[in-house]
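Student: Given next are the chains, with one letter for each unit.
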Amino acid sequence: MKTTTMIVSILLAGLLTNNMVLSKFLGICPFLGVSKKVNTAVSMSIAVTFVMIIATAVTYPIYYYLLQPKYEYLETVVFILVIAAIVQFIEIFLKKYIKPIYNALGIYLPLITTNCAVLGITMLNVTDFDITKYSFGKLYLFSLTNALSAGLGFMLAMVLFAGVRQRLETADIPEFMKGLPITLVAAALCSLSFLGFAGIGG
Amino acid sequence: MQILIPIIIVVVIGVLAGLLLAFASKFMSVKSDEKTEKIRECLPGANCGACGYSGCDGYAAAIASGEATPDKCAPGGSTTAAALSEILGIEIKNEKHIAFIACGGNSENTTTKFNYDGMKSCAAAAMSLGGPLDCEFGCLGFGDCVKACPFGAISLKDGRPQVDEDTCMACGLCVSTCPKGIIKLIPQNKAVRVNCSNCKRGAEVVKACKVSCIACKMCENNCPTGAIKVENNVAVVDPKLCNGCGNCKTVCKRGCII
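Residue numbers (the working numbering), protein chains in the order written: chain A, 1 to 202; chain B, 203 to 460.
It cannot be assumed that every hint is accurate.
Straight line, CA to CA, 25 Å or less: simulated SDA-like cross-link-like pairs of lysine to any residue [to be verified]:
1) A:Lys96 - B:Phe229
2) A:Lys95 - B:Ser231
3) A:Lys99 - B:Gly268
4) B:Lys386 - B:Gly457
Please keep in mind that the hints were generated in silico from the structure rather than gathered at the bench.
Isolated chain B (complex conformation) (with noise of 0.2 Å):
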């Protein structure tokens, strides 16, 4: 008996928690905006505050509002950002980006200027009269951007960089990392992609590089809907409009486009 008053008192005092709780959430529950519930549920959570809000529920609520883009969710990634773009009914680009290292050279394409034997970094080559080859655009294939990925989804073949487009995030870090410049973000699927980043006019490139952009038109001139370009002496694949016909790789004559 002497343990039942006890047992009794918990008791009674979680029942009456319990019930002022419900009847608190029946008839003090504040008519919230479906599409802030909606967008509420699709977040996952956490709180976590990386989106810049106070937590998931200021955030549902600022994307509700409009005031907030649907893709600031880490945690969350690109599955979260389909979800609400489907709530919402707007597309966004959630495509697949990987990057792309446009160059084509190697040592047999490409002639050099002088034998380099300094520190092995492209930062450091790129320092000693632009590095050793001949064409300045050229990748120097001493795997700066290896080092940067976080992924380890770049790799060095044959004195070339690989990217492994299955592990590659599009951080972007090896775009910055890249001392050329030749590194871009683009769209995996695309079939055309332009491997060579040479803005130097044709005669000159020609001597430096076999698999270099001259600039001849060629593309330009086959493209069905006009998806690339030759802007600055090196041709550009506009990824909206490119319906992946392979025109262009057909025409070049320099292998650049591939």
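Only chain A is shown next, with the shape it has when bound in the complex (with noise of 0.2 Å):
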């Protein structure tokens, strides 16, 4: 496949036929947490895929220079480390230098250090593209890509369903499944019209 169609179609799986939260449910956490307000799912969004982005861009070297053939076992506790480490140091610098933004991710930031859709993109890079048939400069690409789309994925799921938790706040709900049975039920429904994109983009 060529470089270009293959990143449109990263693009795509990524937003909708394989998206985060609605087909591979990582981060149900804070998407059930943060999704009461859009603003508040934006801002949380944001930060996520922030940190994808600089997660994969750190893992992937350590995992294609360090990890691979021999000591893939080490994946999980080394992602681990490196972003809890990484995304301290990003705390550290934006308190320093770029304040705005530091405001602005506010307590979002500690929050998805060990956030399992983190974690869950870096993994999933390693596997999602043969590192036999590709250079490394373009697997790299593929990577940063698919933690981009991963992480406009995860926004577009939290502001549906901030749209859907704020539409449910004034419906007429049965006492007994007011809160979270009914958000669970609205999150189902949501996983189930993603399901119809499967096929999309390869």
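Given two chains presented individually in distinct reference frames, assemble the corresponding complex, making use of the accompanying hints.
Tutor: Set out below in structure tokens:
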């Protein structure tokens, strides 16, 4: 497959068919926890996208040059270690040099340090692309694109669901379904609707 | 030997990450306001957001800049508020308050105008001609406040609600529940409390209840600090001025100051 086609299909897959939250069920905690209002959902998703890209940028070279082909089993341990350190570092860095972004991301940044969606995307990058077929440069590009699209997919799911939840607030819901039960049912329906995208983008 | 290389890999990455963070915190540390830092240390660090700010850091910054008052931290409670006020050098009123039911009436002291045989609830009784008591400001004694208290601090004793002052958290739920509006939040350690709420004129009040305030102004005239005043036909204590001398207690002929 040509590089550009590959990138487009990665972007589409991350947004729709392989949506992080609604198809892979990663990052459910912020999906249910921070989706009460659209603006907090957007802030959270931006932070997640940001961390996903940085985490991929750091972990993929580590995987390519250090871990494969012999020590792939160290993936989880090393990735968690690296991601945690990197997120802490970014927090310190932003606080010192780019205060507005630090204020905007606020408490979300440390919250997603060990988020499963972030670890998930770094591990999926490793399995998604065949390292025997492409050069490191292309693999790196694909991985970063994959991280970006997964982050945007996360944002799409969060914003859609925040909208649904804001509607639910005013809906006439039976007493026993109020709160978490109806939220979970709504999440299931959202997930089902995303199943309809299966097959698009290859 | 097989196991050595993976161990080295993990250890090296760990050490590198550690060093990176150590250097970052050393060279990139933001010189934050010392006051903010101190305030932040006093806060519980739960980042619960009960104060209305993004977290403990945000709240600390808001206090330091004078934007917020130091009494908004719910998990920290009064101990945090006290610590914060020390840093800020201001005094905040975290004197323990309690609910006080300002009525000394009971079946012996207070006369009734009819026999009430309806729902056993103050709210219901108050709706039928203002309740069975001759005193329109008297405690009806059905214990709506007892039910309202989430801490179980109020109990009925001989048809009169009693506030357990140690358990009372001064949440004010009983204050808003009482249909007569005779429960007040007052500082616990004040020696003098006016145990009547009747704001009708003396002549009417005398007939209704034996321990009622008739607005004779004896207390007002005998108070050395001017803390007790008759307002709207009932004596009112200003806790800021009261020194607890007890003069008003001794001069009150109606026994409604306790």
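Student: Hint by hint, note whether the structure agrees.
Tutor: For each hint, the structure was consulted:
1. A:Lys96 - B:Phe229: holds, 10 Å
2. A:Lys95 - B:Ser231: The given pair, whose Cα atoms are some 8 Å apart, holds under the 25 Å limit.
3. A:Lys99 - B:Gly268: The hint holds at about 21 Å.
4. B:Lys386 - B:Gly457: holds, 19 Å
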